[in-house]
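S.K.: Just so you know, the protein sequences line up as chains B and P, in that order. Under this note's numbering, read the first sequence as residues 15 to 123, first letter to last. Under this note's numbering, read the second sequence as residues 490 to 603, first letter to last.
These are computed hints drawn from the structure, not numbers from a lab. Any given hint might turn out to be false.
Said to hold, decoys possible - Listed below are several chain P residues computed to face chain B (Cβ distance under 10 Å; list not exhaustive):
id: 1; residue: Tyr-524
id: 2; residue: Gln-530
id: 3; residue: Val-536
id: 4; residue: Lys-567
To be verified - Some chain B residues near chain P, calculated using beta-carbon distances under 10 Å:
id: 5; residue: Arg-55
id: 6; residue: Val-58
id: 7; residue: His-59
id: 8; residue: Ala-104
id: 9; residue: Leu-111
id: 10; residue: Phe-113
id: 11; residue: Gly-114
By construction, the Cβ of each residue, glycine as well, lies at the ideal position given by its N, Cα and C atoms.
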Amino acid sequence: SQQGEEDPQALSIQEGENATMNCSYKTSINNLQWYRQNSGRGLVHLILIRSNEREKHSGRLRVTLDTSKKSSSLLITASRAADTASYFCATDRDYKLSFGAGTTVTVRA
Amino acid sequence: EPEVTQTPSHQVTQMGQEVILRCVPISNHLYFYWYRQILGQKVEFLVSFYNNEISEKSEIFDDQFSVERPDGSNFTLKIRSTKLEDSAMYFCASSEVLGRNEQFFGPGTRLTVL
Chain B
15 SQQGEEDPQA LSIQEGENAT MNCSYKTSIN NLQWYRQNSG RGLVHLILIR SNEREKHSGR
75 LRVTLDTSKK SSSLLITASR AADTASYFCA TDRDYKLSFG AGTTVTVRA
Chain P
490 EPEVTQTPSH QVTQMGQEVI LRCVPISNHL YFYWYRQILG QKVEFLVSFY NNEISEKSEI
550 FDDQFSVERP DGSNFTLKIR STKLEDSAMY FCASSEVLGR NEQFFGPGTR LTVL
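Here chain B stands alone, though its shape is the one from the complex (with noise of 0.2 Å):
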């Protein structure tokens, strides 16, 4: 399987604070994206980077992509209230995403 795991399963921060979580996959990609889930709503796109990238930034967020360790990362930098959500990674090959299990972050006033 190519899915993607994120780690950690749950991160709980102070408002302010960066939040950092990884995903390591098995198999070959053409890209990998990250999606932020609020409970029990859709699925909101962030980012994606391609498999010739090393790094992305929009906004607070930078994701980093290392194809020989099969692994990417995301930054949430200076973390507001509103940023609680489960966040995904998933990746793409053979026209289909794969996702992880995801990591929970909570956000603390």
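Once you have looked at the hints, place chain P on chain B.
M.R.: Leaving out everything else, chain P in the frame of chain B:
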């Protein structure tokens, strides 16, 4: 900003009944997908669809499932005879380019089979 929409938001049905879940993908997108998420579990790929054909389907997508694009805007998922284990959140997604671009997800339909 264009978005994927899904109806209904919640569907309750009796075991053995047929259900149709509806999706309106983003208008200029050409590739369409269904995923499902059983409560507390991972999001799982069901099927991808392009040019009025299934591109790929997972093991979950058995003969009880079918997809259709009946007109220029809707994309539907039909479950012919629902089972208890079909209870899940079903997400529709669309993308411009097959497998190489962002997939944008709808808000989901929560299917409850009694």
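S.K.: Give a verdict on every hint.
M.R.: Hints, one by one, checked against the model:
1. Taking 10 Å as the C-beta contact cut-off toward chain B, the hint placing Tyr-524/P at the interface holds, the least distance being around 7 Å.
2. Look at Gln-530/P: its Cβ gets to within about 8 Å of chain B, closer than 10 Å, so that hint holds up.
3. For Val-536/P, the suggested interface contact is upheld, since its CB lies about 9 Å from the closest CB of chain B, less than 10 Å.
4. For Lys-567/P, the interface hint is violated, since its Cβ never comes within 10 Å of a Cβ in chain B; the closest pair sits about 20 Å apart.
5. Because the smallest distance between the Cβ of Arg-55/B and any Cβ of chain P comes to about 7 Å, under 10 Å, the interface hint for this residue holds.
6. For Val-58/B, the interface hint holds, the least distance from its beta-carbon to any beta-carbon of chain P being 8 Å, beneath 10 Å.
7. The interface hint given for His-59/B is met, as the beta carbon of that residue sits about 5 Å from the closest beta carbon of chain P, less than 10 Å.
8. With its C-beta approaching chain P no nearer than about 8 Å, Ala-104/B sits inside the 10 Å limit, and its interface hint holds.
9. With its C-beta approaching chain P no nearer than about 6 Å, Leu-111/B sits inside the 10 Å limit, and its interface hint holds.
10. Against a cut-off of 10 Å between C-beta atoms, the interface hint on Phe-113/B holds, since the closest Cβ of chain P lies about 4 Å away.
11. This hint holds: Gly-114/B has a C-beta 7 Å from the nearest C-beta of chain P, less than the 10 Å allowed.
The earlier numbered hint that this structure contradicts is number 4, and it is the only one.
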